[in-house]
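Number of protein chains: 2
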Amino acid sequence: TLPPSPPISHRGLAYSQPSEFIKPIFKCWQNPYSKQNPQGYINLGVAESVLNKDLLVQKIADIRKEHLVDSNTFGYGDFGGSLKMKQAMSAFFQRHMLKVDHELNPDHFLVYAGTNTVLETIGAVICNEDEYLLLDSPYYHALPMDFARRFDVLLESVPLVLKDGQYHVDFETFRTLLTENKKIRGILLVNPHNPTGKLYTEREIQGLLDLCLEFNVHLISDEVYAQSVLDPSKEFKSVYHYVCTEKDAERAKRLEGLVSIIYSASKDWGLNGFRLAFLYTRNQQILASMQSVADMNLVSRDTMLLMENFYSDEEFLQKFIKTNQERLRKMAAKLMAFLDEHSDVIEYVKPDAGMFVYFRTKKRDIDQVKVFDSIMDEGRVMLAQGRFFQDVNTHWYRCCFASMEWEDLELAFNRVIKALQK
Amino acid sequence: TLPPSPPISHRGLAYSQPSEFIKPIFKCWQNPYSKQNPQGYINLGVAESVLNKDLLVQKIADIRKEHLVDSNTFGYGDFGGSLKMKQAMSAFFQRHMLKVDHELNPDHFLVYAGTNTVLETIGAVICNEDEYLLLDSPYYHALPMDFARRFDVLLESVPLVLKDGQYHVDFETFRTLLTENKKIRGILLVNPHNPTGKLYTEREIQGLLDLCLEFNVHLISDEVYAQSVLDPSKEFKSVYHYVCTEKDAERAKRLEGLVSIIYSASKDWGLNGFRLAFLYTRNQQILASMQSVADMNLVSRDTMLLMENFYSDEEFLQKFIKTNQERLRKMAAKLMAFLDEHSDVIEYVKPDAGMFVYFRTKKRDIDQVKVFDSIMDEGRVMLAQGRFFQDVNTHWYRCCFASMEWEDLELAFNRVIKALQK
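Protein sequence lines, in the order shown, are assigned to chains A and B. Start counting the first sequence at 1; every next residue gets the next number (full-length UniProt numbering). Start counting the second sequence at 1; every next residue gets the next number (full-length UniProt numbering).
Everything labelled a hint here was simulated from the structure, so no lab data went into it. Incorrect hints may have been included.
Remember, identical chains collapse to one label, so a pair may be satisfied in a single copy or spanning two.
[What the hints assert, rightly or not] Straight-line alpha carbon distances no greater than 30 Å define the calculated DSS-like cross-link-like pairs of lysine-lysine that follow:
id: 1; residue 1: K319; residue 2: K65
id: 2; residue 1: K247; residue 2: K65
id: 3; residue 1: K253; residue 2: K183
id: 4; residue 1: K84; residue 2: K53
id: 5; residue 1: K422; residue 2: K183
id: 6; residue 1: K35; residue 2: K422
id: 7; residue 1: K84; residue 2: K27
id: 8; residue 1: K53; residue 2: K65
Sequences and hints are given; from them, build the entire structure.
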């Protein structure tokens with residue numbers, strides 16, 4: 001027998017162990033359902049929207065016809081994003097995110113190759129190893145991977161309180177943890193919330209800002225579902241809206257130093273594959289630090305050229321946002337009507353925004369992992385599991401309703417119901 | 001006065017301090033020379049090729065006409081690269097890198113968004129914090145940034161020995177360091193070498209492989225200039241060529257476990273901006289680990305689609321490689337003829353490969369930093385400095401000869417000469 005190969009590092013070995021939540025996703029990707037492969041898995045566990053492919057195909061084709069190739073994209077460009085992209089984002093953020101009258105400064109934007117890399121990097125920039133971000137639970141299952149895997153940024157969470165069919169922030173526990181844990185460096189807000197679909201109220205946002213000011217910690221606001229509002233009676237406004245419209249000049253100035261916003265082409269725009277995400281912050285230390293490591297998170301300039309044109313066409317953006325919301329609402333309505341018909345086995349929380357419904361099985365006499373397994377193995381349907389969202393309550397699941405046609409979604413849910421009725 | 005903003009982390013503060021070598025590069029990017037901006041800086045310090053823009057523009061336009069838009073690229077795809085890209089790379093590596101008869105396995109490839117991210121990640125996967133890679137010096141100025149900045153992988157170096165106009169590996173010192181420093185986990189070979197343009201001889205490569213086997217450490221071979229051979233009497237062969245053609249079956253098997261190859265679209269193909277790099281390794285631990293963190297280094301699928309078609313056209317690849325070499329050789333010949341005429345102020349090492357000439361000023365009575373400053377400030381020409389390549393000898397510079405027309409290159413060198421003759 002030969003001597004063994006040279007060892008790899010401890011961290012290398014640790015990377016090799018994929019997070020538990022990701023294993024069923026890989027299983028779906030290896031054997032996806034289609035009419036030709038009816039035994040494949042129907043994937044309701046990943047947040048992807050295919051609802052607007054027609055609009056995207058048309059728009060991208062139009063841009064490409066104008067810009068078939070541009071040799072300026074061949075060489076290195078501005079690390080952290082082209083000026084044109086930052087200008088487009090300034091206009092977009094002003095109109096659709098912050099919803100304020102004054103223009104934003106393009107220098108306060110950075111462009112990175114994906115939301116996960118922005119989260120990972122800002123986590124490392126704000127927290128030293130084994131320091132914490134504090135957030136509501138349940139929370140998006142990939143966050144521990146994004147923050148802790150390579151940079152040892154830890155998450156501490158406060159369970160949202162479900163009352164009268166809505167989730168509410170538990171400020172008292174936030175305060176207790178901020179008081180007791182001296183290693184918390186920031187609050188992470190995900191608004192609209194993943195997985196619950198909650199839109200935070202102004203009172204809640206101001207309450208979180210109060211806590212950040214009182215304990216002098218950062219607020220990172222992940223707003224990647226901003227344009228996917230489902231409830232027509234509600235409106236999304238970026239946390240930065242409240243910074244910009246703050247009447248108390250001293251409070252406004254202090255908030256400027258501690259709020260950072262994350263946005264992306266992945267969710268609202270259905271372009272996960274393009275790896276395009278944005279940081280907006282006026283904190284000069286965060287900007288300088290993240291500018292400096294932007295070389296490790298560069299967007300393809302080929303894609304940058306395409307997307308800076310995409311985001312510069314305000315007329316198209318408005319049409320897309322409107323159409324996207326109509327289509328999301330239609331799918332959400334169909335799914336909720338279906339779930340209402342099966343209230344004997346499923347209860348759910350009506351989402352304000354996003355592309356998923358967070359629901360709970362009423363069958364809770366058997367272990368939640370067994371319920372998941374029977375839906376996956378027999379029903380051939382993959383759901384994102386509440387236990388990986390660190391939900392303190394059992395038997396919760398997140399299902400994406402935007403990643404397939406209604407016909408397939410209905411098929412999937414009929415199978416889910418069947419598995420639950422067994 | 002307001003209370004200060006929340007602090008950022010120690011590592012965040014450290015990131016903010018850019019490496020010294022990068023400051024003159026940013027200065028060039030902010031104020032680049034052109035006919036319209038004659039006072040701007042002429043940048044000879046960054047390795048970019050513009051020599052084949054015509055071929056690239058034509059080829060990319062051709063592919064784009066066929067694939068104007070593909071909605072399959074909108075969603076998440078295979079992390080670590082599409083199968084089609086890996087298949088194209090298998091064929092390319094077999095023919096142009098390894099130069100072997102048998103087909104390669106696409107599963108041994110990973111696709112990452114840039115050579116720097118491959119280097120950073122494989123460094124972290126092979127070495128724990130404060131462990132070492134060992135390499136020849138002078139070495140590419142960005143390597144300490146790539147390896148140490150975020151993952152604390154350190155570099156120890158062995159000066160190449162310049163004798164009879166050629167650089168030679170100092171095996172004795174390699175052996176001494178491997179014996180004395182118990183924290184060396186791998187040897188990093190850059191072949192063709194940056195900045196000297198050296199092609200390693202078979203004897204040298206086998207000697208490095210011997211050391212890796214003896215001390216049971218990895219060999220990382222960065223071969224990003226593989227197709228840019230300048231000397232027609234020499235031929236590039238990947239280190240993996242020698243693994244595959246090894247007659248001793250036991251040695252071959254052991255080498256398989258310790259050699260990893262890095263390649264990229266950036267240098268030979270003039271596409272720095274597209275962020276497309278490749279890892280080839282048969283070490284299953286490295287593959288599994290780097291597959292697992294590929295989600296942080298994803299190539300835009302829009303660019304992936306383009307480039308998997310690009311690299312699938314063998315006829316085009318052969319034509320490009322041939323034309324590229326002809327053009328590089330022509331520029332190198334012109335530059336060396338120019339330098340020969342100015343041998344009173346400059347001496348240089350004839351490069352075997354690459355897109356730069358490594359030269360030394362004969363004016364060495366004043367400090368090398370002052371020489372650089374006068375070339376930069378008065379001559380408005382930026383060179384990459386040997387001191388940032390950790391050259392043990394002073395007054396060395398690397399100039400790229402492929403990033404502009406000869407007219408501009410000649411202008412730049414006339415200014416360099418003028419500054420040196422002062």
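Verification of the supplied hints:
In this assembly of identical chains, K319 and K65 lie within 30 Å of each other by CA distance both inside one copy and across copies; the values are 21 Å within and 27 Å between. In this assembly of identical chains, the alpha carbons of K247 and K65 never lie at most 30 Å apart, being 47 Å within a copy and 54 Å across copies at closest. For the identical chains of this complex, K253 and K183 are intra-copy neighbours only, at 25 Å inside a copy versus 49 Å across copies, given an alpha-carbon limit of 30 Å. Proximity of K84 and K53 under a CA criterion of 30 Å is satisfied in both settings, with 25 Å inside one chain copy and 23 Å between copies.
Taking the shortest alpha-carbon separations for K422 and K183, neither the intra-copy value of 47 Å nor the inter-copy value of 58 Å comes in at or below 30 Å. Proximity of K35 to K422 under the C-alpha cut-off of 30 Å is restricted to the intra-copy arrangement: shortest distance 25 Å within a copy versus 77 Å between copies. When the C-alpha separation of K84 and K27 is checked against a cutoff of 30 Å, the pair qualifies only between copies, where the shortest distance is 20 Å, while the shortest distance within a copy is 40 Å. In this assembly of identical chains, the alpha carbons of K53 and K65 lie at most 30 Å apart whether taken from the same copy (18 Å) or from different copies (19 Å).
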